[in-house]
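S.K.: As they're listed, the protein sequences go chains W and V.
The first sequence runs 20 to 373 under this note's numbering.
The second sequence runs 3 to 79 under this note's numbering.
The set of hints was computed from the structure by calculation and includes no laboratory data.
Only a predicted model underlies this, so the values are computations on that prediction, with no experimental measurement involved.
Glycine included, every Cβ here is placed at the ideal spot set by N, Cα and C.
Careful, some of the hints might be misleading.
Taking CB as the label site, the calculated pair distances span [as the list claims (entries may be wrong)]:
1. Thr69(V) with Asn39(W): 40 to 48 Å
2. Ala233(W) with Tyr12(V): 49 to 57 Å
3. Thr69(V) with Asn339(W): 50 to 58 Å
4. Arg30(V) with Glu92(W): 47 to 55 Å
5. Thr67(V) with Asp91(W): 53 to 61 Å
6. Glu17(V) with Asp91(W): 52 to 60 Å
7. Ala49(V) with Asp303(W): 17 to 25 Å
8. Ile218(W) with Met3(V): 37 to 45 Å
9. Lys137(W) with Pro16(V): 37 to 45 Å
10. Tyr12(V) with Leu343(W): 47 to 55 Å
11. Glu74(W) with Glu5(V): 18 to 26 Å
12. Tyr12(V) with Arg68(W): 27 to 35 Å
13. Arg30(V) with Asp231(W): 19 to 27 Å
14. Glu5(V) with Met237(W): 25 to 33 Å
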Amino acid sequence: MNLQYRNKKISGILAVVPQNEVRFDDEVENYNFSVKQSMKLKKIMGYDRHRIVTEGTCVSDLAICGLKYLLDEGLIYKDEIDALVLMTQTPDYFMPPTSNVIQGKLDLKQDMVCLDVKQGCAGYLVGLMQSFSLLEQDAINKVALVNGDVLSRKTSPQDRNTFPLIGDGAAVTIVEKNPGNSEIFANIKMDGSHRNALIIPAGGLKMPSNQDTAVMKMDEEGNSRCLDHWFMDGMAVFNFVVNEVPPMINNLMEFSGVGLEDVDYFMFHQPNKFMLQRLADKMDVSYDKMPYNIVENFGNSSGATIPTNIAFNLGDKLLNHSYLTCLAGFGVGLTASSMLMRIGPLDFCRMIEY
Amino acid sequence: MVEKLLEILYEIRPEVDFLNSSNFIENRLLDSLDIVVLVSDIEEAFAISIHVNDIVPENFYNLETITKLIARRGGQI
Chain W
20 MNLQYRNKKI SGILAVVPQN EVRFDDEVEN YNFSVKQSMK LKKIMGYDRH
70 RIVTEGTCVS DLAICGLKYL LDEGLIYKDE IDALVLMTQT PDYFMPPTSN
120 VIQGKLDLKQ DMVCLDVKQG CAGYLVGLMQ SFSLLEQDAI NKVALVNGDV
170 LSRKTSPQDR NTFPLIGDGA AVTIVEKNPG NSEIFANIKM DGSHRNALII
220 PAGGLKMPSN QDTAVMKMDE EGNSRCLDHW FMDGMAVFNF VVNEVPPMIN
270 NLMEFSGVGL EDVDYFMFHQ PNKFMLQRLA DKMDVSYDKM PYNIVENFGN
320 SSGATIPTNI AFNLGDKLLN HSYLTCLAGF GVGLTASSML MRIGPLDFCR
370 MIEY
Chain V
3 MVEKLLEILY EIRPEVDFLN SSNFIENRLL DSLDIVVLVS DIEEAFAISI
53 HVNDIVPENF YNLETITKLI ARRGGQI
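Please construct the entire structure, taking both the sequences and the accompanying hints into account.
M.R.: Shown next as structure tokens:
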């Protein structure tokens, strides 16, 4: 599905990562595989360091940390936040919405919209789409889009498929109306037939968590996890991404009338180095236009990886420059989405620690 | 080629009987990360480049499909 938005812009990006840094080298003994093979994977997949929250930290804590920083620094003001959109798979509660928790704790105005949307690796794109739609209203001039997840709390430390790549984190993106004549092009595809390729089986109402779901079991490949943990069918996800993303980007270019060579940066979701390099190869895009260093520095924080990628790799450059940027997110659902927009100059683009 | 390939496979999964297994993927003898390592090792050992379109389960079912893939990408016997 092709989508088009006019006169909207991103005015600032702040990424929040937990202070606690864990090194892959210190974890290899947790996995039921030879150290030699794990170290090979480290090199190929880009596993190195990842940021993991300490016990009890919730997505609201990371979001509040980021929003409070922006308020304290005078980069945003409480009265101008007309909507708070939270994209997460790891909410604080079933109810109330975590966006209301954040609003209440920060004492934001009541004359606003708070919205939780459950999305994962495509959450930045879906969150931007949601924000752009809200901004169509006369009463809404500025949206605080928060992407955040603390998925390490639902990941088995003995699962080599998931734990080495996971990272916790959040990002606040300020999205607002743009009086200029800007066009944003996007597309999105949903494939619920592969919903089990990325799943936490227990914990919802379909399979409530209990003693049985907490029992750790080793699978045929030697990974241990329980039904309360996140499961990934790596091959299904890889094939979905390499089959769907390149044609999706080509369609986006055709839809927008822009050539692939005219794009300054391809700021994609960060699943791992191997997948991103292969994607770049298939799309014939140079690696310096498509950074793949977020997993090795911070881990994969689902919907927060794209703004983290932008803040880490473009940072200050975006304070004075603007770049034609292609964004792409892909993962749970399964979902794939891409967007072409000019980003910058921004009011702020930086990272902080929680 | 097969000996070199077996050497690589046994380094990844020493416990698996690759010679007598008909489908490494469906029998869950190799997972996606094993395939990642396998692709990287094959590229290095046979001095070839495996295109992303070739990283699909059916190319890694068994010794025959993998050797065909290597040959198709120009790997020397």
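S.K.: Which hints from the list above does the structure break, by number from lowest to highest?
M.R.: 2 and 11
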